[in-house]
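Visitor: Heads up: the sequence shown begins at 386 in our numbering, then just goes up one per residue.
Among these hints, one or two may not hold up.
Only pairs whose alpha carbons sit at most 27 Å apart, straight line, appear in this in silico DSS-like list of lysine-lysine [as the list claims (entries may be wrong)]:
| hint | residue 1 | residue 2 |
| --- | --- | --- |
| 1 | K420 | K387 |
| 2 | K420 | K456 |
| 3 | K392 | K420 |
| 4 | K398 | K420 |
| 5 | K387 | K398 |
| 6 | K387 | K456 |
Since the hints were made in silico from the structure, they are not lab data.
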Amino acid sequence: MKDESYKVAICYKMSTMVINNSSIRVPRDLLISRKVVSDAFDAADDWIVENTAADTVVITADILLADRCLKLEPPLSLQLANLLRAPR
Numbered sequence: 386m387k388d389e390s391y392k393v394a395i396c397y398k399m400s401t402m403v404i405n406n407s408s409i410r411v412p413r414d415l416l417i418s419r420k421v422v423s424d425a426f427d428a429a430d431d432w433i434v435e436n437t438a439a440d441t442v443v444i445t446a447d448i449l450l451a452d453r454c455l456k457l458e459p460p461l462s463l464q465l466a467n468l469l470r471a472p473r
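Go ahead and model the full structure; you've got the sequences and the hints to work with.
Guide: Okay, here's the thing in structure tokens:
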């Protein structure tokens with residue numbers, strides 16, 4: 386899902402932030418940044434919920450995070466990653 390998000394961000398010139406509790410590789414592009422949070426349980430989810438604005442789009446496969454985002458006022462725009470794989 387991340388690769389598709391990066392492609393869309395670059396194509397449409399959208400600022401994109403990846404939040405994780407460990408250092409991961411992201412494309413070298415000024416539009417894409419990363420935020421490393423503590424490794425405490427749900428630290429990344431907590432950061433996302435506490436630091437996003439009404440115009441934020443959250444892309445996640447985490448149902449509990451999605452639920453928390455939808456309960457914000459106003460609710461965030463939410464895209465759930467497709468968890469099902471296409472048959473080969």
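Visitor: Mind checking the alpha carbons of K387 and K398 for me, to see if they're no more than 27 Å apart?
Guide: holds (16 Å)
Visitor: Hinted pair, alpha-carbon criterion (27 Å max): K420, K456. Please report holds or violated.
Guide: holds (23 Å)
Visitor: For the pair supplied as a hint, K420 and K387, confirm whether the alpha-carbon distance does not exceed 27 Å.
Guide: holds (14 Å)
Visitor: Does K420 sit within 27 Å of K398, going by the straight-line distance between their CA atoms?
Guide: holds (19 Å)
Visitor: Hinted pair, alpha-carbon criterion (27 Å max): K387, K456. Please report holds or violated.
Guide: holds (24 Å)
Visitor: Is K392 close enough to K420, meaning Cα to Cα at most 27 Å?
Guide: Status holds; Cα separation ~19 Å.
In summary, this structure violates none of the numbered hints.
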